[in-house]
Amino acid sequence: EPEVTQTPSHQVTQMGQEVILRCVPISNHLYFYWYRQILGQKVEFLVSFYNNEISEKSEIFDDQFSVERPDGSNFTLKIRSTKLEDSAMYFCASSVWGRQPQHFGDGTRLSIL
Amino acid sequence: AQSVTQLDSQVPVFEEAPVELRCNYSSSVSVYLFWYVQYPNQGLQLLLKYLSGSTLVKGINGFEAEFNKSQTSFHLRKPSVHISDTAEYFCAVTILTSNAGGTSYGKLTFGQGTILTVHP
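Heads up: the sequence lines are chains A and B, in that order.
Take the first sequence: its position 5, counting from 1, is numbered 5 in my numbering, and each next residue is one higher.
Take the second sequence: its position 2, counting from 1, is numbered 1002 in my numbering, and each next residue is one higher.
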């Protein structure tokens, strides 16, 4: 069964540094999402992306965050200047056109030192 | 805005016993409901979904859930659990949104998660 793949599985970064989290959605999917889960807290929506533009974003998704689909397969989340509170598990998800559930990757654990 | 409450943070149960994981939601519009499971060091896997039709939905691994609109609940059940069911379970809701691409499901709003631990 096709899967959403995320790299790296664990990223350790110094505070203030830029970080890029990468995702390869399922190939025929058109809607892409990022979520995060801070340790011990709920999974929270960050952003959704369709047709090369953001379709919805949460309050968390401020100017420090950006998303991009640089080619036909990758979907990236960039954090420009990381803060300690950005430490979390970040999940990428995708769904096919229309009313289909989202499929999730295994996540990237981001640790900010 | 939608919200989801999972009433139990942890549920311990013995193998072959029945289990119910509770989920309540609130929304001013019609919602679509999901249960996801997360095994250790893995992503979220869809267990089952309620979109419309029969209020009793069956999912993978012998799980089922019942949508109760009057009680705004979507509790997950399994009549006999296995050790391998030990995992964290998340209830989630979404609504339909429209954009230039058509109508699709919007963001998922998750509950806090329930850790199910099955003991031998």
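Derived by calculation from the structure, the hints in this document are not laboratory data.
Quantities reported herein were computed from a predicted structural model and do not represent experimental measurements.
A hint or two may mislead.
Said to hold, decoys possible - Keeping only pairs whose Cα atoms sit at most 30 Å apart, straight-line, the calculated DSBU-like set for lysine-lysine is:
| no. | chain 1 | residue 1 | chain 2 | residue 2 |
| --- | --- | --- | --- | --- |
| 1 | A | K42 | A | K83 |
| 2 | B | K1069 | A | K83 |
| 3 | A | K78 | A | K42 |
| 4 | A | K42 | A | K57 |
| 5 | B | K1069 | B | K1058 |
| 6 | B | K1069 | A | K42 |
| 7 | A | K83 | A | K57 |
| 8 | B | K1049 | B | K1069 |
| 9 | A | K83 | B | K1058 |
| 10 | A | K78 | A | K57 |
| 11 | A | K78 | B | K1058 |
| 12 | A | K78 | B | K1069 |
To be verified - Label pairs and their in silico Cβ distance ranges:
| no. | chain 1 | residue 1 | chain 2 | residue 2 | range |
| --- | --- | --- | --- | --- | --- |
| 13 | B | P1040 | A | V12 | 18 to 26 Å |
| 14 | A | P70 | B | S1026 | 36 to 44 Å |
| 15 | A | T13 | B | E1015 | 22 to 30 Å |
| 16 | A | L113 | B | L1051 | 39 to 47 Å |
| 17 | A | S9 | B | H1082 | 22 to 30 Å |
| 18 | B | P1040 | A | E18 | 45 to 53 Å |
| 19 | B | Q1071 | A | L113 | 42 to 50 Å |
| 20 | A | P2 | B | G1053 | 41 to 49 Å |
| 21 | B | S1084 | A | V12 | 38 to 46 Å |
| 22 | B | R1077 | A | V12 | 24 to 32 Å |
Beta carbons: idealized from backbone N, C-alpha and C, even for Gly.
Do the hints match the structure? See the list:
no.	hint	verdict
1	A:K42 / A:K83	holds, 19 Å
2	B:K1069 / A:K83	violated, 41 Å
3	A:K78 / A:K42	holds, 21 Å
4	A:K42 / A:K57	holds, 17 Å
5	B:K1069 / B:K1058	holds, 17 Å
6	B:K1069 / A:K42	holds, 24 Å
7	A:K83 / A:K57	holds, 19 Å
8	B:K1049 / B:K1069	holds, 15 Å
9	A:K83 / B:K1058	violated, 42 Å
10	A:K78 / A:K57	holds, 14 Å
11	A:K78 / B:K1058	violated, 38 Å
12	A:K78 / B:K1069	violated, 40 Å
13	B:P1040 / A:V12: 18 to 26 Å	holds, 20 Å
14	A:P70 / B:S1026: 36 to 44 Å	holds, 39 Å
15	A:T13 / B:E1015: 22 to 30 Å	violated, 42 Å
16	A:L113 / B:L1051: 39 to 47 Å	holds, 43 Å
17	A:S9 / B:H1082: 22 to 30 Å	holds, 27 Å
18	B:P1040 / A:E18: 45 to 53 Å	violated, 30 Å
19	B:Q1071 / A:L113: 42 to 50 Å	holds, 46 Å
20	A:P2 / B:G1053: 41 to 49 Å	violated, 26 Å
21	B:S1084 / A:V12: 38 to 46 Å	violated, 32 Å
22	B:R1077 / A:V12: 24 to 32 Å	violated, 41 Å
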